[in-house]
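A.B. asks: Chains A and B supply the protein sequences, listed in that same order.
Here our numbering runs 144 ahead of the position in the first sequence, where the first position is 1.
Here our numbering runs 87 ahead of the position in the second sequence, where the first position is 1.
No lab work stands behind these hints: they were computed from the structure.
Hints should not be assumed to be uniformly reliable.
[Stated by the list, open to error] Pulled a few chain A residues facing chain B out of the computed Cβ check, cut under 8 Å:
hint, residue
1, 148
2, 150
3, 151
4, 153
5, 176
6, 178
7, 258
8, 259
9, 262
10, 293
11, 296
12, 299
13, 305
[Claimed, not checked] Listed next, the in silico BS3-like pairs over lysine-lysine satisfying Cα-Cα at most 25 Å (straight line):
hint, chain 1, residue 1, chain 2, residue 2
14, A, 290, B, 109
15, A, 205, A, 239
16, B, 140, A, 239
17, A, 239, B, 122
18, B, 122, B, 109
19, B, 140, A, 290
20, B, 110, B, 122
[Unchecked claim] Where chain A lies over chain B, by a calculated footprint (3+ residues, C-beta under 8 Å):
hint, region
21, 110-116
22, 121-134
For each residue, glycine too, the CB sits at the ideal point set by N, CA and C.
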Amino acid sequence: MSDSNDIFREQLEILCRAGVEFIVIGGVAALAHGAARVTYDLDIVYGRSRDNIDRLIDALKNLEPYLRGAPPGLPFRWDASTIEHGLNFTLTTTKGPFDLLGEVAAGGTFDELVPFSTWKEVYGFRCRCVTLPKLIELKVAAGRPKDFEAIAELEALMEEIERGGYAPEA
Amino acid sequence: MAEESQHVPFTWAPSPVIETYKKDVDRTLLRENLKLTVEERLTRGSRYLASVKALRRSVGRTSDE
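Produce the complete structure using the sequences and hints provided.
C.D. replies: The following block contains the structure:
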């Protein structure tokens, strides 16, 4: 597990350098929009084309990816066949947890979510990040009681942006 | 014939539960974050997470002693 003080930078850099097509959602997207809640993992929706899967495999192959919460010793292989036969993967890696989603409730696939994303310039890279209204929609659709506080914060954030005249997509 | 879409449009109805939670949101933190760049927000979040992890390890060690 990474103890880095800049874990999200490292994780995003790994994906961007490999040319992976992805959209940041979840807590890191909330953070990017201005939320104050601490988040522990990077959630992304990744493109399911074979080329992109290959890039994703390449990006994480040296980070000892393994299924989070699974008992040790399972015959988990980090390869294109595994990704193509699955969809959503919650992984531990030497660079911290990655949640890789092929589809997300109320957001669909990468291609379906692209119109609800914007480019963010971070650490010298361009990353797609889900928009704040869509992020709220995804959280609502997930329907988890643990998200109630996060949804409340995101709605408050949107109100602050509307009231305060901030540039929301800086 | 094409299959009819099952997509149900999202409706933004205020939830009384969420409205209750919203009263406890510290908006001063949000306003401070909104003054930062995206990169500064992510860096701050990463450092806060590292602090939380360090604190947890410290508490774990203390309780083991």
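A.B. asks: Given a cut of 8 Å on the nearest C-beta pair, is the interface hint for residue 305 of chain A held or broken against chain B?
C.D. replies: 7 Å, holds
A.B. asks: Verify the proposed pairing of residue 140 of chain B with residue 239 of chain A, using a straight-line Cα cut of 25 Å.
C.D. replies: OK: residue 140 of chain B and residue 239 of chain A at ~14 Å, within 25 Å.
A.B. asks: When the nearest CB of chain B is found for residue 293 of chain A, is that gap smaller than 8 Å?
C.D. replies: OK, holds: residue 293 of chain A within 8 Å of chain B, min 5 Å.
A.B. asks: Any CB of chain B closer than 8 Å to the CB of residue 259 of chain A?
C.D. replies: 14 Å, violated
A.B. asks: Is it true that the CA of residue 290 of chain A sits at most 25 Å from the CA of residue 109 of chain B?
C.D. replies: Between residue 290 of chain A and residue 109 of chain B the Cα gap is close to 14 Å, so the pair holds against 25 Å.
A.B. asks: Mind checking the alpha carbons of residue 239 of chain A and residue 122 of chain B for me, to see if they're no more than 25 Å apart?
C.D. replies: At roughly 29 Å apart (the allowed maximum being 25 Å), residue 122 of chain B and residue 239 of chain A break the hint.
A.B. asks: Restraint: residue 299 of chain A near chain B, CB-CB cut 8 Å. Satisfied or not?
C.D. replies: 6 Å, holds
A.B. asks: Residue 110 of chain B and residue 122 of chain B were given as a pair; does the straight-line alpha-carbon distance stay at or below 25 Å?
C.D. replies: Judged against 25 Å, a Cα distance of about 22 Å means the pair holds.
A.B. asks: Given a cut of 8 Å on the nearest C-beta pair, is the interface hint for residue 258 of chain A held or broken against chain B?
C.D. replies: Check failed: Cβ of residue 258 of chain A comes no nearer than 16 Å to chain B, outside 8 Å.
A.B. asks: Mind checking the CB of residue 262 of chain A against every CB in chain B and telling me if the closest is under 8 Å?
C.D. replies: Constraint on residue 262 of chain A not satisfied, violated at 10 Å.
A.B. asks: Taking 25 Å as the top limit, are the C-alpha atoms of residue 205 of chain A and residue 239 of chain A close enough?
C.D. replies: Between residue 205 of chain A and residue 239 of chain A the Cα gap is close to 12 Å, so the pair holds against 25 Å.
A.B. asks: Was the hint right that residue 178 of chain A lines chain B, CB cutoff 8 Å?
C.D. replies: 4 Å, holds
Violated hints, in rising order: 7, 8, 9 and 17; the structure is consistent with all others.
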